[in-house]
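Asker: Sequence:
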Amino acid sequence: MPVDVIWFKKDLRVRDHQPLIEAAKSCNNLLFLFLVEPERLELEDTDHIHIEWELDNAEELAKSLAAIGGHLHIKFENAIRALQSFHEEFEIGRIFSHQETGNSWSYQRDLQVKEWCNLNKVEWLEFPTNGVIRGLTDRDLWKKKRDSRMRIELLEPPNLESRSVPNPDIFDRTSIGLNPRKLSFNREPGESAAATRLADFLGHEAKNFQWGISSPVNAVKFGSGLSPYLTVGAISMRRVVQTTNDRIHEIRTKPDIVSDAKMWLKSLASFRKRLAWRCHFIQKLEMESDLDLVAQNKIIDSNLNRVMDEERFIRWKTGTTGWPFLDACMRQLASTGWINFRMRAMIMSAASYNLWLPWRDAGCHLAKQFIDYEPGIHWSQVGMQSGTTGINTIRAYSMTKQGKDQDPEGDYIRKWIPELSMVPTKYIHEPWKMPIEVQENVSCLIDTQYPSPIVDEVTSRKEGVNRSYAARSTKESRTQSKLVLQKHGSRTRPRKRKAKKDKSVQQKLF
DNA sequence: ACGGGAGTTGTTGTA
DNA sequence: GTACAACAACTCCCG
Numbered sequence: 025m026p027v028d029v030i031w032f033k034k035d036l037r038v039r040d041h042q043p044l045i046e047a048a049k050s051c052n053n054l055l056f057l058f059l060v061e062p063e064r065l066e067l068e069d070t071d072h073i074h075i076e077w078e079l080d081n082a083e084e085l086a087k088s089l090a091a092i093g094g095h096l097h098i099k100f101e102n103a104i105r106a107l108q109s110f111h112e113e114f115e116i117g118r119i120f121s122h123q124e125t126g127n128s129w130s131y132q133r134d135l136q137v138k139e140w141c142n143l144n145k146v147e148w149l150e151f152p153t154n155g156v157i158r159g160l161t162d163r164d165l166w167k168k169k170r171d172s173r174m175r176i177e178l179l180e181p182p183n184l185e186s187r188s189v190p191n192p193d194i195f196d197r198t199s200i201g202l203n204p205r206k207l208s209f210n211r212e213p214g215e216s217a218a219a220t221r222l223a224d225f226l227g228h229e230a231k232n233f234q235w236g237i238s239s240p241v242n243a244v245k246f247g248s249g250l251s252p253y254l255t256v257g258a259i260s261m262r263r264v265v266q267t268t269n270d271r272i273h274e275i276r277t278k279p280d281i282v283s284d285a286k287m288w289l290k291s292l293a294s295f296r297k298r299l300a301w302r303c304h305f306i307q308k309l310e311m312e313s314d315l316d317l318v319a320q321n322k323i324i325d326s327n328l329n330r331v332m333d334e335e336r337f338i339r340w341k342t343g344t345t346g347w348p349f350l351d352a353c354m355r356q357l358a359s360t361g362w363i364n365f366r367m368r369a370m371i372m373s374a375a376s377y378n379l380w381l382p383w384r385d386a387g388c389h390l391a392k393q394f395i396d397y398e399p400g401i402h403w404s405q406v407g408m409q410s411g412t413t414g415i416n417t418i419r420a421y422s423m424t425k426q427g428k429d430q431d432p433e434g435d436y437i438r439k440w441i442p443e444l445s446m447v448p449t450k451y452i453h454e455p456w457k458m459p460i461e462v463q464e465n466v467s468c469l470i471d472t473q474y475p476s477p478i479v480d481e482v483t484s485r486k487e488g489v490n491r492s493y494a495a496r497s498t499k500e501s502r503t504q505s506k507l508v509l510q511k512h513g514s515r516t517r518p519r520k521r522k523a524k525k526d527k528s529v530q531q532k533l534f
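If you read the first sequence in the working numbering, its first letter stands for residue 25, the second for the next number, and so on.
Just so you know, the hints here were simulated from the structure itself, not pulled from any lab data. Among the hints, a few may not be true.
Below, simulated DSS-like cross-link-like pairs (lysine-lysine); rule was C-alpha separation at most 25 Å, straight line [unchecked claim]:
hint	residue 1	residue 2
1	Lys99	Lys341
2	Lys297	Lys286
3	Lys286	Lys34
4	Lys392	Lys439
5	Lys511	Lys486
6	Lys428	Lys450
7	Lys34	Lys87
8	Lys322	Lys99
9	Lys169	Lys99
10	Lys245	Lys428
11	Lys425	Lys245
12	Lys392	Lys428
13	Lys499	Lys322
14	Lys322	Lys486
15	Lys278	Lys297
16	Lys341	Lys486
17	Lys297	Lys34
18	Lys428	Lys34
19	Lys206	Lys428
20	Lys392	Lys206
Turn these sequences into a full structure, and let the hints steer you where they fit.
Answerer: Structure (structure tokens):
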């Protein structure tokens, strides 16, 4: 009797899992598969922490599957070879999976799997993932379709009635040569941990979401903490959206159950907007599958002519640029695997405008740092923060300004940069300005214990920004930018300007 | 969801 | 009450 394969990719859950439901309707036996593909260990944008986190979640998935009568086969093998050997052993009838919108490598891998399926007369049924709409050529209908997708009722896991192909092998994690860096922040893996995180967030921290997420200090507390779960699919986007909507409805109808309903509703609306952004960015990659390899505006990219400078690159990566706030961010990221969105933009802006480093190298390094690396969001952001799309205004951040805004007392800097732990607030954002006696008093000798800035922040930013404007002002760049806008431009209409209380405007009304 | 300068409007203190 | 400086807060614009 043939088997149907349920191939788990970035969807490590049993609740709200359409391929699982559809496969359970089949009369064939069912084979549940999760692959760690060896090629991934070599990819420039993939880190061992990603594989480790996926495996942690896959092991939780195995337990959830067992509870409904399924056995998960975890294999360290190339996809085609794994399918081929299962095909030889059992004869595969159909493959059920979610659509994946990943990096160029996974896109190519899926093409090969499709070819293998055609060759072997195996049907591969792929189901939509979160808010991504496959097959669109522009953004005209995207928002509508995404919103209606989010309204579909959540699916409960099926009963598998002992039709699951047993798994005699126990997966040995140590056999695959995984050597991830040890993160200082531990996340509980799995579907129920994700649901608990969501419930805790919506019950407590979400109130401060809108005001909490700009600073790296507060964002750890007031962010949702859901991104690592969403990335591996331990929770579905639809469930997050619907649970958020329920909470909004609850507070609207019974405002007395919370202490400040207005604040709650503002923050929840802002959170919901971020969830939509998430889908929006992944949709970009869906429509431009090589966003991780090729700039959206190739002409601007070549005009920019950024070049690798090893020393700058290393100092940026290791958080030793001499800009305290940036260095603190880089060290937090390396240590915990996470930093808030705004600081990600600042980090990328520093690499692009101050240090003039090529976006692909900077982007790959950051991808490896993020426990929640999501190719669509990441490479869209890299494009934006390196000024290579041509459709976004150039945003070059000032590290010292951000530092003073987000960390006025410098506690965050002192926490992540022990060399600066005794530096007084007056100098914490610009330690190179410390007189030598102060340096000695606080045991922080500039250029010995902590470096002076790698380049002058103000002039390097100005120069980077000027060069970027020059690169996008040529005729060819502009033509290309128009094409990018047609394809990817958000269809959200610009907000109408508020009418001024200006007399001249008043007069025009009559 | 940029930074910095210029210009504008609003607020406070002082004589 | 008035005149005005000093300064904060906000808006617009450009790179």
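Asker: Now tell me if each hint is right for this structure.
Answerer: Evaluation of the provided hints:
1. At roughly 33 Å between alpha-carbon atoms, Lys99 and Lys341 are farther apart than 25 Å, so this suggested pair is violated.
2. With a C-alpha separation of about 17 Å, the suggested pair Lys297 and Lys286 falls inside the 25 Å cut-off, and the hint holds.
3. With a C-alpha separation of about 36 Å, the suggested pair Lys286 and Lys34 falls outside the 25 Å cut-off, and the hint is violated.
4. Proximity of Lys392 to Lys439 is assessed by CA-CA distance (about 23 Å); at most 25 Å being required, the pair is judged to hold.
5. This hinted pair does not check out: Lys511 and Lys486 have alpha carbons roughly 31 Å apart, beyond 25 Å.
6. At roughly 11 Å between alpha-carbon atoms, Lys428 and Lys450 fall within 25 Å of each other, so this suggested pair holds.
7. Note on Lys34 and Lys87: the hinted pairing holds, with a Cα-Cα distance of about 17 Å set against a maximum of 25 Å.
8. As the CA atoms of Lys322 and Lys99 are separated by approximately 39 Å, the hinted pair breaks the 25 Å bound.
9. At roughly 36 Å between alpha-carbon atoms, Lys169 and Lys99 are farther apart than 25 Å, so this suggested pair is violated.
10. Proposed proximity of Lys245 and Lys428 is supported: the alpha carbons are some 20 Å apart, at most 25 Å.
11. In summary, the hint linking Lys425 to Lys245 is supported, as the alpha carbons are separated by about 23 Å, within the 25 Å threshold.
12. For the hint linking Lys392 to Lys428, the alpha-carbon distance of about 28 Å lies beyond 25 Å, and the restraint is violated.
13. With a CA separation close to 13 Å, the supplied pair Lys499 and Lys322 stays within the 25 Å bound.
14. For the hint linking Lys322 to Lys486, the alpha-carbon distance of about 23 Å falls within 25 Å, and the restraint holds.
15. As the CA atoms of Lys278 and Lys297 are separated by approximately 23 Å, the hinted pair is consistent with the 25 Å bound.
16. Distance check on the hinted pair: Lys341 and Lys486 sit about 22 Å apart at the alpha-carbon level, within 25 Å; holds.
17. Taking the CA atoms of Lys297 and Lys34, the gap is about 23 Å. The hint holds against a cut of 25 Å.
18. Distance check on the hinted pair: Lys428 and Lys34 sit about 39 Å apart at the alpha-carbon level, beyond 25 Å; violated.
19. Between Lys206 and Lys428 the alpha-carbon distance is near 31 Å, which puts this suggested pair outside the 25 Å criterion.
20. Only pairs whose Cα atoms come within 25 Å are accepted, and Lys392 paired with Lys206 is accepted, the gap being roughly 13 Å.
Figure legend: structure checked against the earlier numbered hints; hints not met, in rising order: 1, 3, 5, 8, 9, 12, 18 and 19.
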